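**Q** One line per chain: the protein sequences are C and A, in this order.
Residue numbers for the first sequence follow my numbering, beginning at 37 and rising by one.
Residue numbers for the second sequence follow my numbering, beginning at 5 and rising by one.
Please keep in mind that the hints were generated in silico from the structure rather than gathered at the bench.
Don't take every hint at face value.
DEER-style ranges, computed between Cβ atoms [what the hints assert, rightly or not]:
# : chain 1 : residue 1 : chain 2 : residue 2 : range
1 : A       : R27       : C       : D177      : 50 to 58 Å
2 : C       : G174      : A       : Q34       : 51 to 59 Å
3 : C       : R326      : A       : E30       : 41 to 49 Å
4 : A       : R98       : C       : G109      : 47 to 55 Å
5 : A       : P36       : C       : S99       : 48 to 56 Å
6 : A       : K11       : C       : Q183      : 53 to 61 Å
Lysine to any residue pairs mimicking SDA-like chemistry, simulated, CA-CA at most 25 Å apart [said to hold, decoys possible]:
#  : chain 1 : residue 1 : chain 2 : residue 2
7  : C       : K207      : A       : G94
8  : C       : K285      : A       : G37
9  : A       : K86       : C       : G203
10 : C       : K199      : A       : Q34
11 : C       : K199      : A       : E35
12 : C       : K288      : A       : I42
13 : C       : K288      : A       : P52
14 : C       : K199      : A       : A53
15 : C       : K285      : A       : S16
16 : C       : K207      : C       : R326
17 : C       : K288      : A       : G43
18 : C       : K285      : A       : G67
19 : C       : K207      : C       : E153
20 : A       : K86       : C       : V158
21 : C       : K144      : C       : R179
22 : C       : K207      : A       : C41
23 : C       : K285      : A       : C41
24 : A       : K86       : A       : V74
25 : C       : K285      : A       : P52
26 : C       : K221      : C       : K242
Facing chain C, a subset of chain A residues (Cβ under 10 Å, in silico) [unchecked claim]:
#  : residue
27 : I42
28 : G45
29 : G54
30 : R55
31 : G58
32 : K63
33 : V90
If you're wondering where the values come from, they're calculated on a predicted model, not measured in any experiment.
We put the CB at the ideal spot given by N, CA and C, even for glycine.
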Amino acid sequence: MHDNIVIIGGGIAGMEAAKALLALGHTPILIESAPTLGGHVGRWHKLFPDLTSARELVARLRSEIVGANIFLGTQVISMNRLADGYSLKLSNGIVINASALLISTGFKLFEADRKEEYGYGVYDRVITNADLEDWFSGADDARIPQQPQTVGFVHCVGSRDLKACNGQCSKVCCATAIKQAIEIKERFPFARVYCFYMDLRLFGKKYEDFYVNAQRDYAVQFIRGRVSEVSETIDGHLQVKAEDTLSGKPLKMQLDLLVLMAGVVRNTAVQELTSMAGLETDSDGFLRSRDNEYAVVESGQPGIFYAGACTGPKTVPETIAEARSAALSIHAYLKTL
Amino acid sequence: MTDFGFKLSKSSTIDLSRVELDRFEELCRQEPGAKVCIGCGSCTASCPAGRLSGMSVRKVLLGLQRGQKVNDMLQCCMLCGKCTMVCPRGINTRNLILTICRIYD
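Next comes chain C alone, as it looks inside the complex:
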């Protein structure tokens, strides 16, 4: 059992942590419930702000962790506390005794059909950010017209929204909307593209440049107002309503395609696991770190660490940095045993 490290969740956080632990001389065990590694990033087409390939990042990480023990399509079905670690039973029948656990179970995308007023799953021309990424990657999508004339993006779908029981900002959608607006303009140069936002939160390195780029080089229009409802016209177009708060007037317009920026919400699929491990939930619904300023990668339980979006929405570079930080913390923790 000695020094077994189990990483639960094989997205970029779990993969990067596995890579860092391998470099530190450990052989981590990586458990992923899906049949492939990569998580949400593995499904994405390109990453902001440099439009690098998400799949290449995941493929590179995968090639760098071949030395780890990887269980795909596997879940933790029970967990017991031992004197100096944890005993885990996996869905494939294997029992592992581990000295340290890394929780990198990530997030869930908000289910956009829960915001009924936006008509996802009801109207033919409403899609989500994730659907658009699938289409960028080459998947067919009958909802996307051949030559859309007008495309709208709705920010904050299921984020900053108490009605959706999700009050926090999802952090990555503003930059994602701008990225996707630019990509739409590249494919459909004559389309008019509108972003409906409440606040634009472009805090990261080069995000502001990205915003200026969208305005100046791609003529993306930004409307400060939250879309209140979407309906379908008799000829199959969408009609959206918002207040243009900067001019102080109600606004309506017809669109050929509407993209909902579904937000980042807590991963409810791991609730059982976290309660078995005795992990606490923070006031935002995500896992509670030992200290939100100083010890984000540490949980309140000895030997259990966090990396990535299980503690809240994060960008890719933040997740990578946290994964490395968690790997170092685990390395130091094992020396104290």
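Assemble chain A onto chain C, guided by the hints.
**A** Below, chain A alone, put in the same frame as chain C:
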């Protein structure tokens, strides 16, 4: 007085240091939701009266904090409650409107 053919205009600047906020503070005591508006405009966009009358809960709430006499537009409110349904901050706009009408009468 000699008529020079022009007159002085009244300043349109909001002088925040002269704005009386006692009634707004009373409003916040009675309806704490008044403090958490982020001005997204969902209320105005969904308002069936706003399209015709220009009434806007967002504008009223902002105007009251800037010393403007804007509460008259609430006369057009039909208390249908659509704004309460769409508010992302969960503000009880119906109670907010009724409380404003009471305090700023």
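**Q** All hints, please: hold or fail.
**A** Cross-check of the supplied hints:
1. The hinted range of 50 to 58 Å is satisfied by A:R27 and C:D177, whose Cβ atoms lie roughly 53 Å apart.
2. Look at C:G174 against A:Q34: about 57 Å separates their beta carbons, and that is inside 51 to 59 Å.
3. Taking 41 to 49 Å as the suggested C-beta distance range, the pair C:R326 and A:E30 conforms, at roughly 42 Å.
4. In this structure the supplied range 47 to 55 Å holds for A:R98 paired with C:G109, their Cβ-Cβ distance being about 50 Å.
5. A beta carbon spacing of about 55 Å between A:P36 and C:S99 agrees with the range 48 to 56 Å that was offered as a hint.
6. Under the hint 53 to 61 Å, the C-beta atoms of A:K11 and C:Q183, about 56 Å apart, fit the expected range.
7. A distance of roughly 21 Å separates the Cα atoms of C:K207 and A:G94; the hinted pair therefore holds under the 25 Å criterion.
8. The straight-line distance between the Cα atoms of C:K285 and A:G37 is roughly 23 Å, inside the 25 Å bound, and the hint therefore holds.
9. With a C-alpha separation of about 20 Å, the suggested pairing of A:K86 with C:G203 holds against the 25 Å cut-off.
10. Of the supplied pair hints, the one linking C:K199 and A:Q34 holds, its CA atoms being roughly 22 Å apart against a limit of 25 Å.
11. Using a Cα cut-off of 25 Å, the hinted pair C:K199 and A:E35 holds, with the two alpha carbons roughly 18 Å apart.
12. Restraint check: the Cα-Cα separation between C:K288 and A:I42 comes to about 21 Å, which is no more than 25 Å; the hinted pair holds.
13. Of the pairs offered as hints, the one joining C:K288 and A:P52 holds, with about 13 Å between alpha carbons and a cut-off of 25 Å not exceeded.
14. Proposed proximity of C:K199 and A:A53 is supported: the alpha carbons are some 23 Å apart, at most 25 Å.
15. Only pairs whose Cα atoms come within 25 Å are accepted, and C:K285 paired with A:S16 is accepted, the gap being roughly 21 Å.
16. The suggested pairing of C:K207 with C:R326 holds, with an alpha-carbon distance near 22 Å, which does not exceed 25 Å.
17. Of the supplied pair hints, the one linking C:K288 and A:G43 holds, its CA atoms being roughly 18 Å apart against a limit of 25 Å.
18. Taking the CA atoms of C:K285 and A:G67, the gap is near 15 Å; set against the 25 Å cutoff, the hint holds.
19. For a cut-off of 25 Å, the pair hint linking C:K207 to C:E153 stands: about 23 Å separates their Cα positions.
20. In summary, the hint linking A:K86 to C:V158 is supported, as the alpha carbons are separated by about 21 Å, within the 25 Å threshold.
21. Restraint check: the Cα-Cα separation between C:K144 and C:R179 comes to about 23 Å, which is no more than 25 Å; the hinted pair holds.
22. Of the supplied pair hints, the one linking C:K207 and A:C41 holds, its CA atoms being roughly 20 Å apart against a limit of 25 Å.
23. This hinted pair checks out: C:K285 and A:C41 have alpha carbons roughly 18 Å apart, not beyond 25 Å.
24. With a C-alpha separation of about 21 Å, the suggested pair A:K86 and A:V74 falls inside the 25 Å cut-off, and the hint holds.
25. Pair hint C:K285 plus A:P52 holds up; C-alpha atoms about 13 Å apart against a cutoff of 25 Å.
26. About 20 Å separates the Cα atoms of C:K221 and C:K242, which keeps this hinted pair within 25 Å; it holds.
27. A hinted interface residue such as A:I42 counts as satisfied when its beta carbon comes closer than 10 Å to some beta carbon of chain C; here the least separation is about 6 Å, so the hint holds.
28. Given the 10 Å rule on beta carbons, the hint for A:G45 holds: about 3 Å separates it from the nearest Cβ of chain C.
29. Hint on A:G54 holds. Least Cβ distance to chain C is approximately 6 Å, under the 10 Å limit.
30. Taken as an interface hint, A:R55 checks out: its beta carbon lies about 6 Å from the nearest beta carbon of chain C, inside 10 Å.
31. The criterion of a C-beta within 10 Å of any C-beta in chain C is met by A:G58, whose closest approach is roughly 8 Å, and the hint holds.
32. Hint status for A:K63: holds, given a least beta-carbon distance of 6 Å to chain C, under 10 Å.
33. The interface hint given for A:V90 holds, since its Cβ lies 5 Å from the closest Cβ of chain C, which is under the 10 Å cut-off.
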